[in-house]
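2 protein chains.
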Amino acid sequence: MHATTVDELEATGISARGAARELAALSTETKDRALWNIAGALRSNVGEVLEANEVDRAAAARNGEGAATIGRLLLTPERLDSMAEDVLSVASLPDPVGQVLDSRTMDNGLRVERRSVPLGVIAVIYESRPNVTIDISSLCLKSGNAVILRGGREALHTNRALVDLARRAISDAGAPEQAVQFIESADRTLVGRMLRMKETIDLIIPRGGAELVRRVAEEAAMPAITGGVGVCHVYVDRDADLEMSLEVAHNAKTQNPWVCNAMDTLIVHSAAAPAFLPRIAARWAEAGVEMRADRRAMSIVGPVEGLRLVPVEESDWSTEHLALTAGVRVVDSYDEALDHVAAYGSGHTEAIITEDRDAADRFLDMVDASVVMVNASTRFNDGGQLGLGAEVAISTNKMHARGPMGLRELTSYKWTVTGEGQVRS
Amino acid sequence: MHATTVDELEATGISARGAARELAALSTETKDRALWNIAGALRSNVGEVLEANEVDRAAAARNGEGAATIGRLLLTPERLDSMAEDVLSVASLPDPVGQVLDSRTMDNGLRVERRSVPLGVIAVIYESRPNVTIDISSLCLKSGNAVILRGGREALHTNRALVDLARRAISDAGAPEQAVQFIESADRTLVGRMLRMKETIDLIIPRGGAELVRRVAEEAAMPAITGGVGVCHVYVDRDADLEMSLEVAHNAKTQNPWVCNAMDTLIVHSAAAPAFLPRIAARWAEAGVEMRADRRAMSIVGPVEGLRLVPVEESDWSTEHLALTAGVRVVDSYDEALDHVAAYGSGHTEAIITEDRDAADRFLDMVDASVVMVNASTRFNDGGQLGLGAEVAISTNKMHARGPMGLRELTSYKWTVTGEGQVRS
Numbered sequence: 004m005h006a007t008t009v010d011e012l013e014a015t016g017i018s019a020r021g022a023a024r025e026l027a028a029l030s031t032e033t034k035d036r037a038l039w040n041i042a043g044a045l046r047s048n049v050g051e052v053l054e055a056n057e058v059d060r061a062a063a064a065r066n067g068e069g070a071a072t073i074g075r076l077l078l079t080p081e082r083l084d085s086m087a088e089d090v091l092s093v094a095s096l097p098d099p100v101g102q103v104l105d106s107r108t109m110d111n112g113l114r115v116e117r118r119s120v121p122l123g124v125i126a127v128i129y130e131s132r133p134n135v136t137i138d139i140s141s142l143c144l145k146s147g148n149a150v151i152l153r154g155g156r157e158a159l160h161t162n163r164a165l166v167d168l169a170r171r172a173i174s175d176a177g178a179p180e181q182a183v184q185f186i187e188s189a190d191r192t193l194v195g196r197m198l199r200m201k202e203t204i205d206l207i208i209p210r211g212g213a214e215l216v217r218r219v220a221e222e223a224a225m226p227a228i229t230g231g232v233g234v235c236h237v238y239v240d241r242d243a244d245l246e247m248s249l250e251v252a253h254n255a256k257t258q259n260p261w262v263c264n265a266m267d268t269l270i271v272h273s274a275a276a277p278a279f280l281p282r283i284a285a286r287w288a289e290a291g292v293e294m295r296a297d298r299r300a301m302s303i304v305g306p307v308e309g310l311r312l313v314p315v316e317e318s319d320w321s322t323e324h325l326a327l328t329a330g331v332r333v334v335d336s337y338d339e340a341l342d343h344v345a346a347y348g349s350g351h352t353e354a355i356i357t358e359d360r361d362a363a364d365r366f367l368d369m370v371d372a373s374v375v376m377v378n379a380s381t382r383f384n385d386g387g388q389l390g391l392g393a394e395v396a397i398s399t400n401k402m403h404a405r406g407p408m409g410l411r412e413l414t415s416y417k418w419t420v421t422g423e424g425q426v427r428s
Numbered sequence: 004m005h006a007t008t009v010d011e012l013e014a015t016g017i018s019a020r021g022a023a024r025e026l027a028a029l030s031t032e033t034k035d036r037a038l039w040n041i042a043g044a045l046r047s048n049v050g051e052v053l054e055a056n057e058v059d060r061a062a063a064a065r066n067g068e069g070a071a072t073i074g075r076l077l078l079t080p081e082r083l084d085s086m087a088e089d090v091l092s093v094a095s096l097p098d099p100v101g102q103v104l105d106s107r108t109m110d111n112g113l114r115v116e117r118r119s120v121p122l123g124v125i126a127v128i129y130e131s132r133p134n135v136t137i138d139i140s141s142l143c144l145k146s147g148n149a150v151i152l153r154g155g156r157e158a159l160h161t162n163r164a165l166v167d168l169a170r171r172a173i174s175d176a177g178a179p180e181q182a183v184q185f186i187e188s189a190d191r192t193l194v195g196r197m198l199r200m201k202e203t204i205d206l207i208i209p210r211g212g213a214e215l216v217r218r219v220a221e222e223a224a225m226p227a228i229t230g231g232v233g234v235c236h237v238y239v240d241r242d243a244d245l246e247m248s249l250e251v252a253h254n255a256k257t258q259n260p261w262v263c264n265a266m267d268t269l270i271v272h273s274a275a276a277p278a279f280l281p282r283i284a285a286r287w288a289e290a291g292v293e294m295r296a297d298r299r300a301m302s303i304v305g306p307v308e309g310l311r312l313v314p315v316e317e318s319d320w321s322t323e324h325l326a327l328t329a330g331v332r333v334v335d336s337y338d339e340a341l342d343h344v345a346a347y348g349s350g351h352t353e354a355i356i357t358e359d360r361d362a363a364d365r366f367l368d369m370v371d372a373s374v375v376m377v378n379a380s381t382r383f384n385d386g387g388q389l390g391l392g393a394e395v396a397i398s399t400n401k402m403h404a405r406g407p408m409g410l411r412e413l414t415s416y417k418w419t420v421t422g423e424g425q426v427r428s
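Residue numbers (the working numbering), protein chains in the order written: chain A, 4 to 428; chain B, 4 to 428.
Do not take every clue at face value.
Any copy, or any two copies together, can satisfy a pair, since identical chains are not distinguished.
[To be verified] Think about it this way: if two alpha-carbon atoms lie no more than 25 angstroms apart in a straight line, the pair counts; the simulated SDA-like pairs of lysine to any residue are: (1) K201 x R217; (2) K201 x R218; (3) K201 x E323; (4) K201 x S318; (5) K201 x L341; (6) K201 x Q258; (7) K201 x A28; (8) K201 x D371; (9) K201 x S336; (10) K201 x S273; (11) K201 x D105; (12) K201 x A224; (13) K201 x E221; (14) K201 x D244; (15) K201 x E423; (16) K201 x A70; (17) K201 x E222; (18) K201 x A71; (19) K201 x G387.
These are calculated hints, taken from the structure and not from any lab test.
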């Protein structure tokens, strides 16, 4: 049963709460068996999932969606296989629950420990590729949390097929299939109701556009982890390696411009600009990147065959472009670059390219963002790339979790105290 | 300057935000020097503080406050000395900022670390003893956070004297005195404004009654850590040691009944009740504890000279008594006790008294609370008692921090990634 009405939504919450209690006590073996079953089911139910996917893609085409959107929706046997691999890699990670985080014995003999426990019920609202449905389900399962999924309307049939398959696989492993709940309705009023279900939802995570994130941050009655909106910078310092700067800035902008960790603004030290800017401009002319340049960058770049070069506007500096567009600014000092990042960055991902060790260290110390980088592409802010196995979201909050959220970030802890009758005096 | 108007309140936020940036970069030495200075000032400005305290106590007496409230307000040279000791003990703790929490090198050579960083600006609304003003200031200072304090009206002069002294001490150490901000006005509309200052306050912590906690949880635009409301149980199991049960239950109820970690409800297994209940009743008759007993407990206790014994009402089970009052229930099984705790507990502190190792382990596993205890008084749920040095509050949230919040719970982290030009393919 997938919720399509408000009453069903509330029932979904209660059912998830019940499953969460069972999940908290499940053995690692049972949870891993459920994950193996999901991986197996993704490989043995290819026809069923692709058929549902075909329905979604046909509907998207009828609604006049572009090739990019339909491409993001597309599942193939290869993509299903790669989703199965991801599930197996979550299964192979250590169980994040029941770990002793600290342990000490006090002078009075009390033994004090902190143990990791699941958060409970996690709700995720997302507008993403269908693989996210399985990614989130497997991370929540492994961390002993029940999950309520609310995916995008355009992937409804695909997501439903994936959830059905996952629930059967979980049940076959002897775990509660209510661990994964699915909100089927595209009705937006349901989201409003969901945001008030603080008795049954412990944490809500919006994964989607800025409007969704803002709505959840403002309306949610339960804790929310927001993020995913990245105004990200690459700063090419005066002592930067020229070739490295070209590779990293190009990769940060073009490797996948539609995601939150893509570079939005390129900041270049005036000492590096004359050698660097014309060359990146040439590459971007070829790749179709529009440069929104400040006056100095405009004059240094000069005319480049095929380059889309337009004067930057103030609003560009605080825009997450999600497109082949980059703001470009020339600064006269390191501090000017840091000030720009502090003023316009969204605390997501910030990178410096430099050969100066002190400049690098100071950047890592001073810049306040979920991930700060030296000599690497901003595109590495990703749970998989940073060794978490996978991620539920990238948090730009400072509370609880910051940056990519993997298994550990889906847990809380409790203190245990064991004595022999100690009392307080 | 202490804020007394809305405009001053906003200025306080901006000033705290500026101080937070400086604090994040301060050396451990400077922070510790500031703490030593505060401890010194508490010992060398006794007259000034006691004079202010006298003003508050006289006002409280004029307002008809009882001896208990005035006693809580009272500062003495000894209490100031003990506050100074507490500050020195915070200074002696390791710096929670700048610690490398994780570190790994990925296959592509990227070096990935997580480093602890301050949260930023923390606001605390409290209605407590004046020592809390210094406790919170010193914990925030050591963890590199700026703090905005809003204490109770009844301690206004005392708190102002303590904050003035702390700010001078901080400034003398070469740290920004704006690190500690004080809201002077008793105007309640200021609190409403404060709860919306999400641009300048990163975390708000209410320490006070249930009404304040509820208001903050509902209205705060920034993350809030709530807690401090404890409906706490002691369960005397069938295999409990009789003398230990008496000592622990008595201590949990009477050692300080006015605080959140005092026991509210005593649950007794029917096999232990006939030997235990009459004896605890006799002690409570002497100590003036009112027993609100269920029918079976009533009949087992029988008439005890001087005992206030009344039938329990359903609402008692979910009441934090904050008084010499205890609900008493007899159960026929361990599971009945666990069900009662799950139904009525507030997730604060829960204890079992038992000699049965399996029963103890199951209690620690199954009970969902910030601190779960075996054979120890609930009164040990306290930052100092559990080895944190001191505490800002006791969280009953699961996000970010649970249980007593010490220095580590006042930090966030950032990821740092260092490469040699790696790009994503």
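Here is what the structure says about each hint:
| no. | hint | verdict |
| --- | --- | --- |
| 1 | K201 x R217 | both (18 angstroms within a copy, 13 angstroms between copies) |
| 2 | K201 x R218 | both (16 angstroms within a copy, 15 angstroms between copies) |
| 3 | K201 x E323 | between (31 angstroms within a copy, 22 angstroms between copies) |
| 4 | K201 x S318 | between (37 angstroms within a copy, 22 angstroms between copies) |
| 5 | K201 x L341 | between (40 angstroms within a copy, 23 angstroms between copies) |
| 6 | K201 x Q258 | neither (39 angstroms within a copy, 35 angstroms between copies) |
| 7 | K201 x A28 | within (22 angstroms within a copy, 38 angstroms between copies) |
| 8 | K201 x D371 | between (31 angstroms within a copy, 17 angstroms between copies) |
| 9 | K201 x S336 | neither (48 angstroms within a copy, 31 angstroms between copies) |
| 10 | K201 x S273 | neither (52 angstroms within a copy, 36 angstroms between copies) |
| 11 | K201 x D105 | neither (30 angstroms within a copy, 33 angstroms between copies) |
| 12 | K201 x A224 | both (6 angstroms within a copy, 16 angstroms between copies) |
| 13 | K201 x E221 | both (14 angstroms within a copy, 11 angstroms between copies) |
| 14 | K201 x D244 | neither (51 angstroms within a copy, 40 angstroms between copies) |
| 15 | K201 x E423 | neither (38 angstroms within a copy, 46 angstroms between copies) |
| 16 | K201 x A70 | neither (39 angstroms within a copy, 40 angstroms between copies) |
| 17 | K201 x E222 | both (11 angstroms within a copy, 14 angstroms between copies) |
| 18 | K201 x A71 | neither (36 angstroms within a copy, 37 angstroms between copies) |
| 19 | K201 x G387 | neither (30 angstroms within a copy, 32 angstroms between copies) |
Of the numbered hints listed earlier, those contradicted by the structure are 6, 9, 10, 11, 14, 15, 16, 18, 19.
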